[in-house]
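J.: Sequence:
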Amino acid sequence: MANNVTDKQLVERVKNGEKAAYDLLVLKYQQRVVNLVLRFVRNHSDALDVTQEAFIKAYRALPNFRGDSAFYTWLYRIAVNTAKNHLAVQSRRPRASDYDVSEIEQIEGSSCSKRTGNT
Numbered sequence: 004m005a006n007n008v009t010d011k012q013l014v015e016r017v018k019n020g021e022k023a024a025y026d027l028l029v030l031k032y033q034q035r036v037v038n039l040v041l042r043f044v045r046n047h048s049d050a051l052d053v054t055q056e057a058f059i060k061a062y063r064a065l066p067n068f069r070g071d072s073a074f075y076t077w078l079y080r081i082a083v084n085t086a087k088n089h090l091a092v093q094s095r096r097p098r099a100s101d102y103d104v105s106e107i108e109q110i111e112g113s114s115c116s117k118r119t120g121n122t
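Start counting the sequence shown at 4; every next residue gets the next number (our numbering).
Hints may contain errors.
[Unchecked claim] As a list, the in silico DSS-like pairs of lysine-lysine whose alpha-carbon atoms are at most 25 Å apart:
| hint | residue 1 | residue 2 |
| --- | --- | --- |
| 1 | K60 | K87 |
| 2 | K11 | K31 |
| 3 | K22 | K11 |
| 4 | K60 | K22 |
| 5 | K11 | K60 |
| 6 | K31 | K60 |
| 7 | K31 | K18 |
| 8 | K31 | K87 |
| 9 | K18 | K60 |
[Claimed, not checked] Distance ranges between label pairs, derived from CB positions:
| hint | residue 1 | residue 2 | range |
| --- | --- | --- | --- |
| 10 | L51 | N7 | 19 to 25 Å |
| 11 | R96 | Y75 | 30 to 36 Å |
| 12 | R63 | L30 | 15 to 21 Å |
| 13 | D71 | R45 | 30 to 36 Å |
| 14 | T9 | R45 | 33 to 39 Å |
| 15 | R80 | V8 | 21 to 27 Å |
| 16 | R96 | E15 | 23 to 29 Å |
| 17 | L90 | I59 | 31 to 37 Å |
Source of the hints: derived by calculation from the structure; they are not laboratory data. Even glycine gets a Cβ: it sits at the ideal position worked out from N, Cα and C.
Generate the whole structure from the sequences, applying the supplied hints.
T.: Written out as structure tokens, the structure is:
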């Protein structure tokens, strides 16, 4: 990427339909966003997924970007919010390792027996 092209110019090019200009923004900020997300999401694989989601959200919201702040500042907020949302969803999910498959079968079997009256 040419160093003389500003984020503002790239954003305008994306808004004008040049999708390749967004690729340049992703390349420029991808590692910074991964590092930022890793502060919240400790798993590297999850951090990469959250980073990708943040860039997708930013791309979709780019038409609403007014330019009141720097592009990275705006992207930073999107990435932080996406990471926090990811953590909230993760905290609501039961851990897969909490139950063994045989334990789940026993739980389901006993609840089925109670409903049908078989004990």
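J.: Each hint needs a verdict: does it hold in this structure or not?
T.: Going down the list of hints, with the structure as the test:
1. Taking the CA atoms of K60 and K87, the gap is about 14 Å. The hint holds against a cut of 25 Å.
2. For a cut-off of 25 Å, the pair hint linking K11 to K31 stands: about 13 Å separates their Cα positions.
3. Distance restraint check for K22 and K11: the Cα-Cα separation of roughly 15 Å lies within the 25 Å cut-off, and the hinted pair is therefore satisfied.
4. At most 25 Å may separate the alpha-carbon atoms for a hinted pair to count; K60 and K22 meet this at roughly 15 Å.
5. Among the hinted pairs, K11 with K60 is consistent with the structure: their alpha-carbon atoms are about 18 Å apart, no more than 25 Å.
6. Straight-line distance between C-alpha atoms of K31 and K60 comes to about 17 Å, which keeps the hinted pair within the 25 Å bound.
7. The straight-line distance between the Cα atoms of K31 and K18 is roughly 18 Å, inside the 25 Å bound, and the hint therefore holds.
8. Among the hinted pairs, K31 with K87 is consistent with the structure: their alpha-carbon atoms are about 23 Å apart, no more than 25 Å.
9. For the hint linking K18 to K60, the alpha-carbon distance of about 15 Å falls within 25 Å, and the restraint holds.
10. A C-beta distance of roughly 30 Å is found between L51 and N7, which places it outside the suggested range of 19 to 25 Å.
11. At about 31 Å, the CB distance of R96 to Y75 agrees with the hint of 30 to 36 Å.
12. The hinted range of 15 to 21 Å is satisfied by R63 and L30, whose Cβ atoms lie roughly 19 Å apart.
13. Between D71 and R45 the beta carbon distance is about 33 Å. The supplied range of 30 to 36 Å therefore holds.
14. Between T9 and R45, the C-beta spacing of about 34 Å keeps the proposed range 33 to 39 Å intact.
15. At roughly 23 Å, the beta-carbon separation of R80 and V8 lies within the given 21 to 27 Å, and the hint holds.
16. Remark: the range hint 23 to 29 Å for R96 to E15 is contradicted by a beta-carbon distance near 40 Å.
17. Between L90 and I59 the C-beta distance comes to about 18 Å, which lies outside the given range of 31 to 37 Å.
Hint compliance for this structure: hints 10, 16 and 17 are not met, and every other hint is.
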